[in-house]
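Chains as they are written, first to last, in our numbering: chain A, 1 to 409; chain B, 1 to 409.
Honestly, the hints are just simulated from the structure, not real lab data.
Hints should not be assumed to be uniformly reliable.
Unchecked claim - When the alpha-carbon atoms are kept at most 30 Å apart in a straight line, the in silico DSSO-like pairs for lysine-lysine are as follows:
1) B:151 with A:200
2) A:29 with B:32
3) A:13 with A:39
4) A:151 with B:51
5) B:3 with A:3
6) B:13 with B:242
7) A:3 with B:29
8) A:200 with A:150
9) A:3 with B:39
10) B:200 with A:29
11) B:3 with A:39
12) B:13 with B:248
13) B:171 with B:13
14) B:200 with A:200
15) A:32 with B:13
16) A:200 with B:32
As the list claims (entries may be wrong) - Where chain A lies over chain B, by a calculated footprint (3+ residues, C-beta under 8 Å):
17) 211-218
18) 225-233
19) 239-252
20) 322-330
21) 351-360
Said to hold, decoys possible - Cβ-Cβ distance ranges computed for the label pairs, FRET-style:
22) A:156 with B:345: 29 to 37 Å
23) B:161 with A:54: 48 to 56 Å
24) A:270 with B:274: 52 to 60 Å
25) B:34 with A:105: 53 to 61 Å
26) A:249 with B:171: 55 to 63 Å
27) A:134 with B:32: 36 to 44 Å
28) B:55 with A:48: 54 to 62 Å
29) A:150 with B:34: 28 to 36 Å
Values in this document were obtained by computation on a predicted structure and should not be read as measured data.
Ideal placement from N, C-alpha and C gives every residue a C-beta, glycine not left out.
Number of protein chains: 2
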Amino acid sequence: MTKNDLLKRQICKQLYFAQQLSSTDLSEKIGKSLPITIKLLNELIQEGQVKELGYGASTGGRRPMLYALEADRSYILAVAMDQLYTRIALMNMNNDFVWPAEQYTLPLQHNDQALQQLGDHLEKYLEKDPAAAARILGIGIGMPGFVDVKKGVNYSFLKTETGSINAYLEKRLGVPVFIDNDSSLIALAELRFGMAQNIKDGMVINISWGIGLGMIVNGELFRGHNGFAGEFSHIPLFSNNKMCACGKTGCLETEASLLVISDQVKQGLSEGKVSSIKITQTDTNEDICEKVFKAAARGDRFCIGILSEIGYKIGKGISILIHLMNPEVILLSGRGATAGKVWLAPVEQALNEHCIPRLSFSTTIKLSNMDLDAEMIGAAALVMESIVYIPTREKKTWPAGKLPLVSEK
Amino acid sequence: MTKNDLLKRQICKQLYFAQQLSSTDLSEKIGKSLPITIKLLNELIQEGQVKELGYGASTGGRRPMLYALEADRSYILAVAMDQLYTRIALMNMNNDFVWPAEQYTLPLQHNDQALQQLGDHLEKYLEKDPAAAARILGIGIGMPGFVDVKKGVNYSFLKTETGSINAYLEKRLGVPVFIDNDSSLIALAELRFGMAQNIKDGMVINISWGIGLGMIVNGELFRGHNGFAGEFSHIPLFSNNKMCACGKTGCLETEASLLVISDQVKQGLSEGKVSSIKITQTDTNEDICEKVFKAAARGDRFCIGILSEIGYKIGKGISILIHLMNPEVILLSGRGATAGKVWLAPVEQALNEHCIPRLSFSTTIKLSNMDLDAEMIGAAALVMESIVYIPTREKKTWPAGKLPLVSEK
DNA sequence: TCTACTTTTTTAAAATTTAACGAAGTATTA
DNA sequence: TAATACTTCGTTAAATTTTAAAAAAGTAGA
Chain A
1 MTKNDLLKRQ
11 ICKQLYFAQQ
21 LSSTDLSEKI
31 GKSLPITIKL
41 LNELIQEGQV
51 KELGYGASTG
61 GRRPMLYALE
71 ADRSYILAVA
81 MDQLYTRIAL
91 MNMNNDFVWP
101 AEQYTLPLQH
111 NDQALQQLGD
121 HLEKYLEKDP
131 AAAARILGIG
141 IGMPGFVDVK
151 KGVNYSFLKT
161 ETGSINAYLE
171 KRLGVPVFID
181 NDSSLIALAE
191 LRFGMAQNIK
201 DGMVINISWG
211 IGLGMIVNGE
221 LFRGHNGFAG
231 EFSHIPLFSN
241 NKMCACGKTG
251 CLETEASLLV
261 ISDQVKQGLS
271 EGKVSSIKIT
281 QTDTNEDICE
291 KVFKAAARGD
301 RFCIGILSEI
311 GYKIGKGISI
321 LIHLMNPEVI
331 LLSGRGATAG
341 KVWLAPVEQA
351 LNEHCIPRLS
361 FSTTIKLSNM
371 DLDAEMIGAA
381 ALVMESIVYI
391 PTREKKTWPA
401 GKLPLVSEK
Chain B
1 MTKNDLLKRQ
11 ICKQLYFAQQ
21 LSSTDLSEKI
31 GKSLPITIKL
41 LNELIQEGQV
51 KELGYGASTG
61 GRRPMLYALE
71 ADRSYILAVA
81 MDQLYTRIAL
91 MNMNNDFVWP
101 AEQYTLPLQH
111 NDQALQQLGD
121 HLEKYLEKDP
131 AAAARILGIG
141 IGMPGFVDVK
151 KGVNYSFLKT
161 ETGSINAYLE
171 KRLGVPVFID
181 NDSSLIALAE
191 LRFGMAQNIK
201 DGMVINISWG
211 IGLGMIVNGE
221 LFRGHNGFAG
231 EFSHIPLFSN
241 NKMCACGKTG
251 CLETEASLLV
261 ISDQVKQGLS
271 EGKVSSIKIT
281 QTDTNEDICE
291 KVFKAAARGD
301 RFCIGILSEI
311 GYKIGKGISI
321 LIHLMNPEVI
331 LLSGRGATAG
341 KVWLAPVEQA
351 LNEHCIPRLS
361 FSTTIKLSNM
371 DLDAEMIGAA
381 ALVMESIVYI
391 PTREKKTWPA
401 GKLPLVSEK
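Produce the complete structure using the sequences and hints provided.
If you want it as C-alpha cells, here you go:
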C-alpha cells in the first residue's frame, strides 16, 4: 500500500461523504496541494472510480469542475441488527439500495448460534450475485449491546468463543468487517448525512426500545476509552424501585422508552381510559407504538399524554447531557423520532425546569428527518470511515490484504 | 509572523510541556522533518531561547542530544481566582515561581469594580521589576463562573461594560491575556504535568466550594460549544428541596461540596456529636475544612463520617460521568483532594451501587498528588498552549502584535 | 462594453521530505 | 574481550511536494 493509494482512498472517502467536490475542496480536505490532488483525481478517473460531473455554479469567479464517485463501481454491505430482527442491504456509493433491504428474524438474547446465523444470512444474501459481491469494499454492522470496536467484541450479544466478531465474519466472507453500537451508527449517519452535519458538539438521542445516545465531539463520533461511551439508558436518574434489565433500579430506561409506551398504553386501555386507538392481542410492541404515534398526530389526548410524560423524562436526562457537554445541538432520532413534534414541548419543558437557563439557551433541540434507515446508512458510513482510517502514531505500514480497494483486484 | 516563527513556537511549547526532548522527538511532535527541526533548534539556540542539555541515555543506539528551554528567558504571569481571593505568581519555563505567589482579597460577587481591581493588582505586581515584566509571554487567569473562552467573557463575574476581559487587561498591561474556568485549568494542569498525563479520556473532579469538572477528551481539554462544558455541580441528581445558588433544587452542589462539609460540622458539633475537633467563631470555612481533613486522617469517626457521606454523593455523580463518557481515569483533584484517601472508599461504594459493573471496572479512580498550586500551573499551561495555537481552517495570517515571543522584542 | 475583481487551474520556482549514508553506541557470541 | 550484528542519531544529496506566480474563465458594476 503506497502513500498515493492511501491518498486516493481519502479522496474517495471525501467524495462519498460530500457526494461531489471541486479539486480545491478536495485539496483542502485531504490536506494536500492542488497539483497532487489533481494528479490523483486524474488517476482515479483513469481507473474508473471517479467521474467528472461537469462545471459547478460560480461563486464569483471561474466555475469549478466537480468530481464524484462512480456510484456502482464499489458497494457496501450494510447490516442493522436489533434484539429481534436483522436487516441487510447492499448499498452503492450514493447511499442507494442496490438490492432491496431484507429482514431476517434473528433473536440475539440467549442465542449461542447468533453469530453463525448472521454469517449464514450474509453468505446467502451475497450468493445472489457474485459479480456484485466482488465489488464490496466492506461490511458494516450496527448492533445493540456493549460493543468494543477495537477488539471487535460485543459483551452483550453475539458472543464468540475465541477471537473477534470481525475475524469470524471476515474469514467466512473474505471482506473487511466493521462493527459498532447501533446508537453510535445512527449518530454517525446524522453527522455525515443528516441534521448533525458540520456540528462540532452534538448529542444524538436514539429513542428506541431503550434510550440510546451517540455523542459527537469535535466533529467526530466519540466512543470513550473502551467504546462504551453514551450509556444514557442506564444513568441513575429516578428514585423509583423499578428493576432494570441491567440489574439496577432508577435507570432512565425504566421510565422512558418505546417499551414503556407500549406498556402504558396496554395498562391505560385496560383501565378504561378513553382513546381513539384500539389494540389487539396480535399487535407487537412495534405495531402499538406506530398506532400511538399516528393517534398523537391526530390529536388523541391519551396518546399525547403518554408521549408527553415520556418526553419529559427523556428531557430530564437531556438536561444532564447539556450540563456536562454544552452541546450545540440535541437531535432526537431513531425509531421513536418518527412520532415527530410531539416530543419537543415536553423535552423543552424539562429543560426549563432542570437546566441553568444560560445552558439550555445555548443548545437547540432538533428532530431528525431521517427515517428508519439511519442505522443502515450509519453502517455504510462506518465502512467508508474505517477503510480510509489511518491509525495515528504508528508506522506507515498497512496490514496486508486488509483494506482492499476495488482498483486492486 | 512567518511560518518558521510559528514552528519555533511549537518547539518551545513542546519543550515547555516535556521539559526536555531530543531532536527526533521534537520532529515527530511538531510534524516536521528532522533537517528542518534541527535547523530551527539551532536558530533558537542562537537566539538564546533553547539550550543543549547534553547527551541522554541510549535506547539501543547512538545517544541523542537533549534540548530544553532557557528557563528564565521567558516568563508567564499566572493568576488563580476564587470567589474571595486572587493569587498571582510569576513563573518561568520550568514552572518554578520566580517571585513568591501573592494573595489579594478580591471578592467577585456583587463587585462591579472587580475587573478594575484585578488590573490594579496585576499592574502593581509587575511594577516591582520592569525588566522581568518585559519578558512575560502572556497572562493566564483561572476564574470561577461561566467563562466563554473565545469571547473572553465571564457571564457570572468580572462583568465588563463593553468588550472582553482579555481586551481590557491587554490594553492596560500590553501583554496577551488568556482566561478560562478554574476547573478547566486544574484539569489542564493534571493533563500536562500531573496524573492525567498521556490520558486520552479522563475526568478531573475539582472538589472545592462547589464540585467542578474538567473534561479530557481525545487527549485535549474539552470545553463544549460555548466553553461551558463540565457543569457538574448543577446536574439534577437529588430529589431534595434544597435551594441551590443557581435557582434550582436537587443540584449535586446542594448535597456535596466543601461548604456542605463546613455546615455539617458546625451543625453536628452544635448537636453535641463527639469529635476530636473544635471550631471557634473566627474559623473560616477554609480553616474548618482543614481541621476536618486532618482529624479524618487521624481516624476521627465524626469527620470520616461526614466525608464519607459527601464522597458517596460525589460518587453517585461520577457514576453518571462514567456511563456517559466511559473514561479511562477519574481524578479527584482540587482543594478538597488534600483530604486524601478518605474519598476513595465511599466513591467506589457509590460506583458499585450505581454503575453497570463493566463500566465501573473499565475506569480507575485516582487521587491527585498536585497541591493547591494546580490552578496556577494550569493557568501557565493555558498561556503556553494558547500562544502556539493555530486556528484551523483559517488563512495563515496572524493577528499583528498579538502573540509576541521574547525573540521579537 | 469595458474595467476591476473573483475563483479555478496550470506552470515554474522554492522548500520540504525522503532516503541513503556515516557516526555513535548496545547487545550478542565466540 | 574482541568481533559481529543490530540499534539509533544526525548529515547530506536526491526526489517530492508545496508555494507562488501566471493564465484562464467568470462575475459584477459603471
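Run the structure past the numbered hints and jot down the numbers of the failing ones, going up. Of the numbered hints, 4, 6, 12 do not hold.
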